[in-house]
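Peer 1: Throw the hints in and build the complete structure from the sequences for me.
Residue-level listing of the chains:
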Amino acid sequence: MRFQAGGVTPQSISPSLYDLFIQFLIIGTVSFGGGIIAYERILLVDKRKWLSSDEFMGYLAISQTMPGLNSVNLSVLAGDHLRGIRGAVLATLGLIFPGSLFVLAMGIAYAKNSDHPLANLILVGVAAGACGLLAAITYRIGDQHWRKPKSLAMIVVTFGLMSIAKLALPIVLLIMVPLAIYLYRPSVNS
Amino acid sequence: MSQLIQLALTFSFLSILAVGGGTAVLPEMQTLLAHQFGIGHTQFVHIYSFGQLAPGPNMLMVLVIGFQVAGFFGAAVVLLSFFVPSSILCFCTGRLWSRFGESPWRRSIQNALEPISIGLMASGVYAVGRASIVSPITLGLAIVALCFILATKINSVLVILGSGLIGLIFLKYL
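These protein sequence lines are chains Z and E, in that order. 147 is the number that our numbering gives to position 147 of the first sequence; each next residue is one higher, with no gaps. 84 is the number that our numbering gives to position 84 of the second sequence; each next residue is one higher, with no gaps.
Keep in mind the hints are simulated off the structure, nothing from the lab. Fair warning: there could be bad hints in the mix.
Under the rule of at most 20 Å between Cα atoms (straight-line distance), these lysine to any residue pairs were calculated in the SDA-like manner [unchecked claim]:
| # | chain 1 | residue 1 | chain 2 | residue 2 |
| --- | --- | --- | --- | --- |
| 1 | Z | 166 | E | 32 |
| 2 | Z | 166 | E | 38 |
| 3 | Z | 112 | E | 70 |
| 4 | E | 172 | Z | 116 |
| 5 | E | 172 | E | 147 |
| 6 | Z | 166 | E | 129 |
If the Cβ cut is set under 7 Å, some of the chain Z residues that face chain E in the computed set are [said to hold, decoys possible]:
| # | residue |
| --- | --- |
| 7 | 117 |
| 8 | 121 |
| 9 | 131 |
| 10 | 134 |
None of these values were measured; they are calculated from a predicted model. Just so you know, even glycine gets a beta-carbon here, dropped at the ideal spot from N, CA and C.
Peer 2: Right under this line is the structure:
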């Protein structure tokens, strides 16, 4: 995938740390309503050609497999690929800085007005809308899994353990992860 | 001080368990916050919901929870403990990966984790739904929002704001 562990890659195009930070800062500022992975792909693969399409897909797969937010994991991996550990830190900081200020401002306003009747009425509708959004995202991410019996069974069992049996998340993972890895082991797929 | 340590422990724990993205830990986060910091389900869902209006990664709303519990220090502690552990793990994996390359097991592990994380997200929908769908009007708003987002390419921020405004009109004037 790359020739050196971290550091400057031998590619002709290696961005400055400043440029890397600014480009991720722009994504962190304009990505209202989600879709950050798409913005990251446009930046890394299409606009600046810092990664090949193949490298991007490889990093995306690692981002999705590891715990943590996919978009943040991807900025860590892409930043490391381009400029080593400092690149990883700066790309990630750029990505989360604008949104952090935004939510903090809203959080302060919320803490000051949490008993305001009008604000509360708006929040009732906002929460219902956000619930619809979360359901839509879950449905989309599930994609073809909803139609595969094996996947659907895993989804239903995970949901049941978490929401109906009300087990703690580590226990749910301790039960489901070994079981799922066994069911999806390489010999079965190939 | 003990609250800051508790925040750090709780959110580092959630960071490491967030397989398939932050939304997978929503139900666990809701439970832990209610038990350890007395943050009620309604308050949690409010914070989660307006957090969806922000740009950037969709779980930055955890900062607001830190802020509610322990002010700006709380927000800083939560930011570090929610994002640093998983990022370090991913960073190390990325480096190992480029050393060891492809293995059929990587594909298997990803295939195995995907349905689990979808199941956990479904639990997140259930947890958020139980606190946000409290009347026929809110049920209607959630369904309309769901349909709008699935059927059109409309920006989700507009859907959430629209839902807030329509809810306000319904609840105040009807």
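Peer 1: Hints first: check each against the structure and report whether it holds.
Peer 2: Structure-based check of each hint:
This hinted pair checks out: residue 166 of chain Z and residue 32 of chain E have alpha carbons roughly 12 Å apart, not beyond 20 Å. A threshold of 20 Å between alpha carbons decides the hint, and for residue 166 of chain Z with residue 38 of chain E the separation of about 19 Å falls inside it, so the pair holds. With a C-alpha separation of about 15 Å, the suggested pair residue 112 of chain Z and residue 70 of chain E falls inside the 20 Å cut-off, and the hint holds. Between residue 172 of chain E and residue 116 of chain Z the alpha-carbon distance is near 14 Å, which keeps this suggested pair within the 20 Å criterion.
A distance of roughly 25 Å separates the Cα atoms of residue 172 of chain E and residue 147 of chain E; the hinted pair therefore is violated under the 20 Å criterion. For the suggested pair residue 166 of chain Z and residue 129 of chain E, the alpha carbons sit about 16 Å apart, so the restraint of at most 20 Å is met. For residue 117 of chain Z, the suggested interface contact is broken, since its CB lies about 9 Å from the closest CB of chain E, more than 7 Å. A least Cβ separation of about 5 Å between residue 121 of chain Z and chain E falls short of the 7 Å threshold, and the interface hint therefore holds.
About 5 Å separates the beta-carbon of residue 131 of chain Z from the nearest beta-carbon of chain E, less than 7 Å, and the hint is met. Given hint, residue 134 of chain Z at the interface with chain E, holds; its Cβ is 5 Å from that chain's nearest Cβ, closer than 7 Å.
In terms of the numbered hints stated before, the structure departs from hints 5 and 7, listed from lowest to highest.
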